[in-house]
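Participant: Working from the sequences, and respecting the hints, build out all of it.
Per our numbering, residue 83 is the first one in the sequence shown, and the count goes up by one each step.
It is worth saying that the hints were derived from the structure and are not from the lab. Owing to the predicted nature of the structure, the values given are computational and were not obtained by experimental measurement. Fair warning: there could be bad hints in the mix.
Below, computed lysine-lysine pairings styled on PhoX-like, alpha-carbon distance capped at 20 angstroms [unchecked claim]:
| hint | residue 1 | residue 2 |
| --- | --- | --- |
| 1 | Lys-277 | Lys-230 |
| 2 | Lys-277 | Lys-262 |
| 3 | Lys-308 | Lys-298 |
| 4 | Lys-353 | Lys-328 |
| 5 | Lys-308 | Lys-277 |
| 6 | Lys-308 | Lys-328 |
| 7 | Lys-302 | Lys-328 |
| 8 | Lys-302 | Lys-353 |
| 9 | Lys-298 | Lys-334 |
| 10 | Lys-161 | Lys-190 |
| 11 | Lys-353 | Lys-154 |
| 12 | Lys-226 | Lys-262 |
| 13 | Lys-320 | Lys-334 |
| 14 | Lys-201 | Lys-230 |
| 15 | Lys-201 | Lys-154 |
| 16 | Lys-225 | Lys-164 |
| 17 | Lys-229 | Lys-190 |
| 18 | Lys-349 | Lys-334 |
| 19 | Lys-230 | Lys-190 |
| 20 | Lys-348 | Lys-334 |
| 21 | Lys-334 | Lys-308 |
| 22 | Lys-308 | Lys-262 |
| 23 | Lys-154 | Lys-164 |
| 24 | Lys-220 | Lys-164 |
| 25 | Lys-201 | Lys-165 |
| 26 | Lys-129 | Lys-119 |
| 27 | Lys-226 | Lys-161 |
| 28 | Lys-229 | Lys-277 |
| 29 | Lys-353 | Lys-320 |
| 30 | Lys-220 | Lys-262 |
| 31 | Lys-320 | Lys-348 |
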Amino acid sequence: MMKTILKALFFAFILIGSTLAFADNVEEGNHLYNAGKYQEALTFFMKPDAVNNPATMNRIGYLYDEGLGVEKNRIEALKWYKKAAEAGLPVAQFNLGLTYEQDQGISKNINAAAQWFLKAANQHYPPAEMKMGYLTAKGLGVKKDYKKAMQWYRRAAEHGDNSAYADIGIMYAQGYGVSKNTNRAVQYYILGAEKGDGESQALLGSAYAYGKGISKDTEKALYWYKTAARNGNVNAMKELGSIYAKGRLGVKPDQQEAQRWNDMAKKAEQKN
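Facilitator: Structure representation (structure tokens):
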């Protein structure tokens, strides 16, 4: 009886020790990763006890995807994303979908991309829900269906993706899958704008500028265009360039200010 107990305790200590080692390797790898020491991080991620962790697999995939600490290799990135995705990690399923969607070093496969986005979306991963909304609205990899697209966008918004409000608003503005309703569209632009989404802010600026779905208000239009531009929205930057170049929305023509916004837009586009 005592031998059995001692043996059980021995294996328990072995299990605890290996678990702690696993946690330490993952933790140390993540610490180095967050510090920007990618090559050193990879040495810990590749430890036998850490490399089977889905989150670690996903990070290894990302390192290869971006060429951080290793030579950029999309094929290797796909391999690691796929391992993590097959283990059920939604962010890896999303990354794998992106890899199939983009034609960079591997064969583009929009159908495979949609399948992996769907797996992640079914786990309530907001970026994947947004992707499913986009693919379903466009009919890419899945059957075109505006009503289903709207459902995906609503789910993404419910799960915290504030960029979904702009898409929901556009669906109402265009009458895609719902009855056309510009007032309702603006309500969603306002929701997104107040939550800090640049696209919603730009769309709200346009709504105020042209009096679509809301009373025309040039001051509010300028405010939201500028807010969106400072938030990185390129369309808002370009619109401000046009506004100052032509003296629209009650401002005096100012070519220097127009050029400043246009230059800002060019720099933002180059980064993307």
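Participant: If any of the earlier hints don't hold here, list their numbers in rising order.
Facilitator: 1, 2, 4, 8, 15, 16, 17, 18, 19, 20, 22, 24, 27 and 28
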